[in-house]
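S.K.: Chain order of the listed sequences is A and B.
Its first residue numbered 1, the first sequence is counted upward by one per residue in our numbering.
Its first residue numbered 1, the second sequence is counted upward by one per residue in our numbering.
No lab work stands behind these hints: they were computed from the structure.
Please note that the accuracy of each hint is not assured.
To give an idea of the chain B side of the interface with chain A (calculated C-beta under 8 Å), a few residues [claimed, not checked]:
id, residue
1, 36
2, 94
3, 110
4, 125
5, 133
6, 156
7, 178
8, 190
9, 216
10, 250
11, 252
12, 287
13, 289
Stretch by stretch, here's where chain B covers chain A in the computed footprint (C-beta under 8 Å, at least three residues) [claimed, not checked]:
id, segment
14, 89-101
15, 140-151
Every residue, glycine too, gets a C-beta built ideally from N, C-alpha and C.
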Amino acid sequence: MKTDLSPRLRVALYGLLCVLLIPFVFPTWWMLTSSVKPISDIFAFPPDLWPRRFDFSTYAKVFELQPFARQYWNSAYIAAIVTLGTMVVSSMAGYAFARIKFPFSNTMFMIVLLGLLIPSEVTIVPLFQMFLGWGMINTHWPLILVPVFGAPSVFATFVMRQFFIALPGELEEAARVDGLGRFKIFWLIALPLAKPALGAVAIFTFLHSWNLYLEPIVFLSSTQMFTLPQALTQFTDAYGGAMWNIQLAAATMTAIPVLVVFIIAQKQFVEGLAHTGLKG
Amino acid sequence: MSLMTETPPRKRPFWTMARRDAAAGYLFIAPQLIGIIAFVLIPLCLVFYYSLHEWNVLANTFNFVGAANYQMLLADRALPQVLLSSAIFSVGLVVLNMSLALLLAVLLDQKLKGITVFRTLFFSPVVVSLVAWTIVWSFLLQNNGGINGMLAMIGVEGPNWLRNPTTAMISVIVVQVFKNVGLNMILFLAALQGVPKELYEAARVDGAGHFKQFRRITLPMISPTILLTSIITIVGSLQVFAQIAVLTQGGPGMTTTVLVYYLYQQAFQFHFFGYGSTLSILLFVIVAVLTFVQWQMRKRIVFYEN
């Protein structure tokens, strides 16, 4: 419905978009500014959109109250391994389901798709028991193994399969005539073409791992092992009340780096998701 | 592949092209397939097995009780409230999310300078850490917090958002919608941009107005995307946990205790693993039925499929 808009309609549209934008951007602004307010100003009335006094000690306190650097590292390295691992597992499986003919491939694809039907919340009790039996409770293994090989990676495999199905077959045929094996065709020809789909998978997977909350609180018990989402909720005083400004400082440090990366790479981000996302 | 070199000469080779391909196929899917068996199918069987047992981890009891947990499920006085809360949350979330996503997508599909800046900003909460986002909203929604502060400036006395049964549920839904609506918005936007322009031109020649064009062309053409996003949004809405845990802890009373939160409480706070497993089976059945129903509905509501 793209039509050239009259100037008056244009202004109205900008106005509408700006109003709609408030709940999307104001919370981030409020988080940033409140994280540097002294605790006495944090519930000041009228609310200060810009801090009247600055107190940067909140950021130091984040590291004093919890092993926050360690927790940051935990979240970062888990997300990195999960993202990389999922890209490998899902691109291989997606490629095979899309391009290779082998007996029972459809049945096996259906079995894999069951992962979409069974959210990890359903299996959290037996998973806890399994990892308990393997001595992996309070380690990061469950947070790595389940997302890479289990239900969360199925969506990635589905996206990769949809991408490889749409890929024209001539390139592969030419490579076969040249005597390339399947693995080389996959690695040298199909995978380089799949960069946009892989990008979308990487983004989805990273955010999923980065946001994981139920699994860490079930599987992890010591603060040294905590991931960021779990750590963020732990900034409470002796009575269980939230230490708001410190909590918001920790939240800011958690949110801002990803936000900055997103703003720098937003074009690839959004287009990658839109074009490989869900076309089938 | 090294397997090729072992082919004995002259005899018809065992490793024909088709066989080599099949072997490669199995190798390629092996990690995913084994993972699904180990971390999805076996746990699913186990959860059913557990659900037939009375199992208290603290008391260290594990006894076969048959269908007793399922009878307990039917008799559970709290469960109707939990299911009602889940239903209100899911319906509210899906309706709000889909309509806001569609509205934003249509607005962002207009020819305007700087529209990508708006697109980026509407999408930005998607990349903000879920718990960080929820904590900020929790802070904003406190009785003496930012939102009531702003309301007071214009002379309105706001409710205690997270402590009042009605507003607590609304808050949880709205916080989640603003967090994730950007994702559906982008998918809708891509779908809108894929609608052939000629269709609109033809409709305009026939004298169809904007609203009619939207109803008769846009909606049918993007219906596959609407169906797919609605399935994902509904299944996702049943998995909500962190938001509830941070914002309301299921309260006030049990008004925001959705099924996953109740399951977590029963299994990991009260240590009833058997009953927790029974609730897991219930969650599984609900997800399966909803997905199946929507999949069946696609024949009726989806206008075309590629």
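S.K.: The structure should be examined with respect to each hint, and the outcome stated for every one.
M.R.: Status of each hint after checking the structure:
no.	hint	verdict
1	36	holds, 5 Å
2	94	violated, 16 Å
3	110	holds, 6 Å
4	125	holds, 6 Å
5	133	holds, 7 Å
6	156	violated, 13 Å
7	178	holds, 5 Å
8	190	holds, 4 Å
9	216	violated, 12 Å
10	250	violated, 14 Å
11	252	violated, 17 Å
12	287	holds, 6 Å
13	289	violated, 10 Å
14	89-101	holds (count 9)
15	140-151	holds (count 6)
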